[in-house]
Every structure is written in structure tokens, then in C-alpha cells.
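Protein chains in written order, with numbering that gives the first Met the number 0: chain Z, 0 to 513; chain H, 0 to 150.
The hints are simulated quantities; they were obtained by calculation from the structure and are not laboratory data. Cβ atoms here follow ideal geometry from the backbone N, Cα and C, with glycine treated the same way. A couple of the hints might just be wrong.
Which stretches of chain Z does chain H cover? Using the computed rule of at least three CB atoms under 8 Å from a CB of chain H, they are [to be verified]:
{"id": "1", "segment": "91–99"}
{"id": "2", "segment": "215–223"}
Stretch-level coverage of chain Z by chain H, calculated; a stretch enters the list once three of its residues show a Cβ under 8 Å from a Cβ in chain H [as the list claims (entries may be wrong)]:
{"id": "3", "segment": "172–186"}
{"id": "4", "segment": "454–463"}
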Amino acid sequence: MDTIAFLATGIATAFSGWNFVYVLIGAFVGTWIGMLPGLGPSTGIALLLPLTYGLDPTGGMIMLCGIYFGSMYGGSISSILLNTPGDVSSVITMLDGNPMARRGRGGAALFCAAVASFIGGSVGLVGLTFLAEPIARFALRFGPAEYFALMTFALIATATLMQGAAVKGLMAIVIGLMIATVGIDLQSGAARFTMNSPNLFDGISLIAVIIGLFGISEVFTNIQEIMARRWGKVETVGRLWMEPSEWKRCRFSFLRGSVIGFMVGVVPGAGGAVATLLSYAAERRSSRHPEEFGKGAIEGVAGPEAANNASVGGALIPLFTLGLPGSSATAILLGALMIFGIQPGPHLFTENPDLVWGIIGSLYVANVVLVILNIPFIGIFVRMLMMPGAPLNAIILLLAVTGAYSLNNNVFDIQVALVFGVIGFLLRSAQVPLAPLVLAVALGGGLEQSLRQALSLSDGDPAGLVPSGIAAVFLGLSALLVLLAAILPATRLMSPRNRALRRAAKKEKRPQTQ
Amino acid sequence: MRHVLGIDRVVALICIAVAGLYLSASLGIAQGSFGDPLGPRAFPQILGALLILFSIITLVQPSARQAPATPLATLVAIAICAALVLGFILLLPVVGYAATSFLLFLGFLLTLREPLRLALLYAAGLTLLFYVVFTVLLQTYFPPTMLGRIF
Chain Z
0 MDTIAFLATG IATAFSGWNF VYVLIGAFVG TWIGMLPGLG PSTGIALLLP LTYGLDPTGG
60 MIMLCGIYFG SMYGGSISSI LLNTPGDVSS VITMLDGNPM ARRGRGGAAL FCAAVASFIG
120 GSVGLVGLTF LAEPIARFAL RFGPAEYFAL MTFALIATAT LMQGAAVKGL MAIVIGLMIA
180 TVGIDLQSGA ARFTMNSPNL FDGISLIAVI IGLFGISEVF TNIQEIMARR WGKVETVGRL
240 WMEPSEWKRC RFSFLRGSVI GFMVGVVPGA GGAVATLLSY AAERRSSRHP EEFGKGAIEG
300 VAGPEAANNA SVGGALIPLF TLGLPGSSAT AILLGALMIF GIQPGPHLFT ENPDLVWGII
360 GSLYVANVVL VILNIPFIGI FVRMLMMPGA PLNAIILLLA VTGAYSLNNN VFDIQVALVF
420 GVIGFLLRSA QVPLAPLVLA VALGGGLEQS LRQALSLSDG DPAGLVPSGI AAVFLGLSAL
480 LVLLAAILPA TRLMSPRNRA LRRAAKKEKR PQTQ
Chain H
0 MRHVLGIDRV VALICIAVAG LYLSASLGIA QGSFGDPLGP RAFPQILGAL LILFSIITLV
60 QPSARQAPAT PLATLVAIAI CAALVLGFIL LLPVVGYAAT SFLLFLGFLL TLREPLRLAL
120 LYAAGLTLLF YVVFTVLLQT YFPPTMLGRI F
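If we strip away everything but chain Z, and leave its shape as in the complex, we get (with noise of 0.2 Å):
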């Protein structure tokens, strides 16, 4: 079969019985929690996942995909209106689309938002649809050397990517890879660092991990802003509609964001985030009126919204085909997955056509069903913004327990979910980034196994790291991500204008001292 006739076996999965419901489910559900003021694609699916323990793994998945889908899409709805973004990923899209709320726009910012998530998801899906199948055939070449240097890329490039310090990025994978260490170890059948708690002879659970960092820290995070009274006010909407001059300037953003968010998804670790920078740069830099940028420019909107999405569509791709998340939104998809009993890799397409084709499939129906639900009912989502941030934040609460009990039916899960929210509440606070910890945590066993393994087959010689190109190019890039890492700080560090700032702020110092 072809790829054309999988995708229309996929789109008519997404269809039979329940799974259009699913569909509908995740796209409403996951629209809303992007929307909440600091819950982005990671916490919703992190705290609904619970809701699809009882379904079949195809209409769980559908759900879930569903979820992360919506909650890219209502992730703008909050930075638009609110000025407080769901995710890192909606950041710029705040950058134009407030002002042009606060102007008496918001409608037609939150429209142009829903067309560009639409463009922007569909490249990104026509790119999954042809892409995954040739690349998992290439990955099926992999051994565990090329296996241990794509994950190590992958991590890197995580840390390295992500917005702030490189070194607190690496502090992250460092932790987290620490984690994946607790359990009995598969090779040798020694328990580490288990404590002799039977609890922990299966290693510590990744979702647990995912809830305690994501929501239940979320949670202590939204105390300071409560308490604070920083809880968002919300700008008015006004008409639903583009004017002519707004769609003439944004053609042209839609397409070049899409592009952007597609190639950028694909690479581990840069995600919508990174996606969406590079998109508002280049609509800068080809825009005729540069100057109205932060101001209110459509094209503002337009291009990072397509890239967000599409970066949706590149982010399945190494999920998919070679087992490897991008983004902590996509390790969670990992972990459910596994909760599931299937195991992402080259070898899905084959075993498992039905699901990843109905993944896929759904997608395709959720990106239409969004777009439809995203126009004419913006008026609900944005009367549900407006629920105030005590209740909200004790539904998240509660959600997040019950999600970490019902995992294994164990209150030992929330325990282990309470130490990963004060945690991440103390990384957050630090600004240590989250998502390469959570990566670290979902790739930390398979990384240890494959470099293990590597080294075994080597007789214990490091060369054996290095059998072929595939691995030498992936190690190689890590490596020149790390030097760059430390290079580039200090270089700015030197740069003419810091060292005149540094020259300034002594100048200012040395009257006081004397």
C-alpha cells in the first residue's frame, strides 16, 4: 500500500466509532488548557492522560494527539488576550497580537491566528505524512552506537537550543538522566539507588515525573501570581475578521512560517519555541514596515502561529520513526505510548500501521475540526478564560493527583509526583529549563543500554562509539553545540558593546567607593 491509500485507511479510522468523538474531545479539551494562563501542551497532556487509560491505544493516542494539537491552537488565545502566554511557544505570538487587542484588534488577531495554526499545521502534517515512513526505513540502519549518538544529539541539542543558560540546560539532562537511573538495572539485574523499596525496582515513572514538574509545580508557580494579584485581565475580541490589507500582508508570513516551524520541529530539542523565534525574525526582516513590529503587526502573528503548529508535524517525525521525543510535549506522547504497550520506532510502521496511520489521520480531522472550532466559538473560550485562579489552579491540583494515583492504582505515584513539583517549582525558580530534564528522563535508560551495548560489542574499546558516519556526524554535532555553548557566552561577553557597558558601570561604581 502506498502512502496516499495509509492515509486514507488513517483519516477513515479517525472517523469509526468512538474515535471522531476522541477527536473532538481532545481538540475542545486541549484547546481550552492551552488557552489557561501557564498550561501548555506538556501539562495538558500530562494531566489528561488519565482520561484515556480506559481506551483502546488508537483512540487513546487519537485523544491525546488531539489534545496537543488544540493546545497549540489555544495557546495563542491567551497571549492575544491576556498578555500572559500557555506556553513558551505563544511568547511571540503575544510580542503583536496583544497590542493589537489592546487597539480594539483581538479578533482579527485571533483569527489570523487560527488560519495561520491551520496553514501551518497542515504543512506540517503533508511533511509527516511523507517524510516518517523513508526516514524509519533509513533508522532501521541503526545500531546501538548510532542509536547512543542520535539520543546524546538529541539531549544536547535540548540544552543547548532552549532559551537561557547553556550550563543550567546541561544541569538539567544531568538530573534527569540520574533519574532514569533509579530501578534494576537490565543488564545486570543490580538494583540502584532503589533504597529497597519494591516501588522502585521498576525505575521511577516518567508520567509521574511529567505531573509533578508540569502540573503540580505549575500549580506553586500560579500561587505567586494569585497571591500577587497578577491573575490576567482579559482585552475585548471585536470583529472576527481580517481586513483585505491585513490578508495582502500576511500571504506570504503564513507560508514562510510554516516552513520554518516544519524543519525546526523536526530537529530534537528545538520544538515550537525555537520555531516561532526564527519565524518572527525572518517576517521582521522581510516586512516593509519593521518598525510596527512589537506594536501591533499582523505578520507578527501570522508567521510564528504557522510555525508553532507546523512545528507539530517535524516534532512526530523522531517520535514516530526513531522512538525519539523533541520536546517534553512529545516525551509525554512517548510515555503514553509505552503505557499503551507499543514501543515508537522504525519498526511502528510496520507493526502497528492501523495506530500510527489513525494518529495521523486524526490529526488531519482534528487540524480541520480546530479551525472550525477556534472561529465561531472563540466568544466560549474566551468566557472560560475568565475563571478565576484559585478554583482553576485546585482543579489542576486535583487532576494532577488523581492523575499520578491512577497511573497504578498507587498513592506511592503521588508521593513521587509531590517531590517532582517541589522540584520543578525550585528549578523553575532558577530557571533551570524543564523539557531537557524530562527528555533526559524518557531517553536516559535507552541511552545507557545503547552505550553499553556499543561498548560491548567494541570489547570495551571507545572507538566502537564511532562504527560509522551516522554516529561520527551526531557525536560531532553534540560536541560543536557544547563548544558553541561556551564559546558563544564569552564572546559577548567581549563584544564592543558589553565592554563598554562594563567600562560604564565603573565609572558609576568608583564615586561611591572613594
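Starting from the known structure of chain Z, arrange chain H on it as the hints suggest.
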């Protein structure tokens, strides 16, 4: 201490302490064997050493722009919230899901200074919603309690 050191250094010090404990615990793991040159001990030891290295870098060079210290009242509210979850864990096998959910909601809302009447109303409504979703619709298994399975 947070004001003197800054959150970066506090987190770096905690990480060094955790890495030290982790490294000392890793000494109790068996060494590599034939066919597994690295063994189950080496990887954790590399990680422990790396965490100490990165923490020292953070300790020496903390971020120039750090988040302002969280006010004490907020920290107390967060601690109460964590204690409420601990209470939920302890009470769930005793009084069941609905009662513990109600107490968690009520405690959380009162901690965030919601008026008592409104908090009671929210807690009752949300408890009913969660009970219906998780117990009736999703059939989540909660342990039997001294009040039976209904609550």
C-alpha cells in the same frame, strides 16, 4: 540565605549535596562484568561527577538576572499546598476519594484567601465533578475505606 546567595547558588549547593549522596550510593553497585565492560556503576558515577561540575560552574558564575526572592507569605502558601497533598495521600485510604478531594479543594481555596462560603460552594461542586468523572465514568479503582466504597 536566599537573599545572600541568590536562587542559582542555593540550587547549585543542593545539587552538589544530592550528587555527593548519589555518588556515595553508587559505590554500593556491582562493578562491570565479562561482556559488559562499563557495568552498572560507571554511568551513574559519570553523571554524579558531571552534576558536581555543572553545579560548581553555576556556583561560581550565577546568572546576572535572577528571579526576585519569593515573598515569605507565598512560600508559606506553597508549603501548605504541599502539606495538603501529603494529607490527601494519608487520608485517601482512610476516608476515600470524595472526602479527601473535598478537603483538598477546601484547604487549597482557603489558603488562597477565597471567602469561606464561596470556597465551600466551589469545593462541593468540584468534588462532585471529579467524583463523577473518575469514579463513575472512568471507573478508577480507589481502595475500600472505613466508610465503604461509596466515598
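For each hint, the structure was consulted:
Counting residues of the segment 91–99 of chain Z whose beta carbon lies closer than 8 Å to any beta carbon of chain H gives 0, which falls short of the minimum of three for the stated coverage. Chain H is given as covering the segment 215–223 of chain Z, and this holds because 5 residues of the stretch bring a CB closer than 8 Å to a CB of that chain, at least three being needed. Counting residues of the segment 172–186 of chain Z whose C-beta sits closer than 8 Å to any C-beta of chain H gives 7, which meets the bar of three, so the coverage hint holds. Only residues whose C-beta sits within less than 8 Å of a C-beta in chain H count toward coverage, and the segment 454–463 of chain Z has 4 of them, enough to reach three; the restraint holds.
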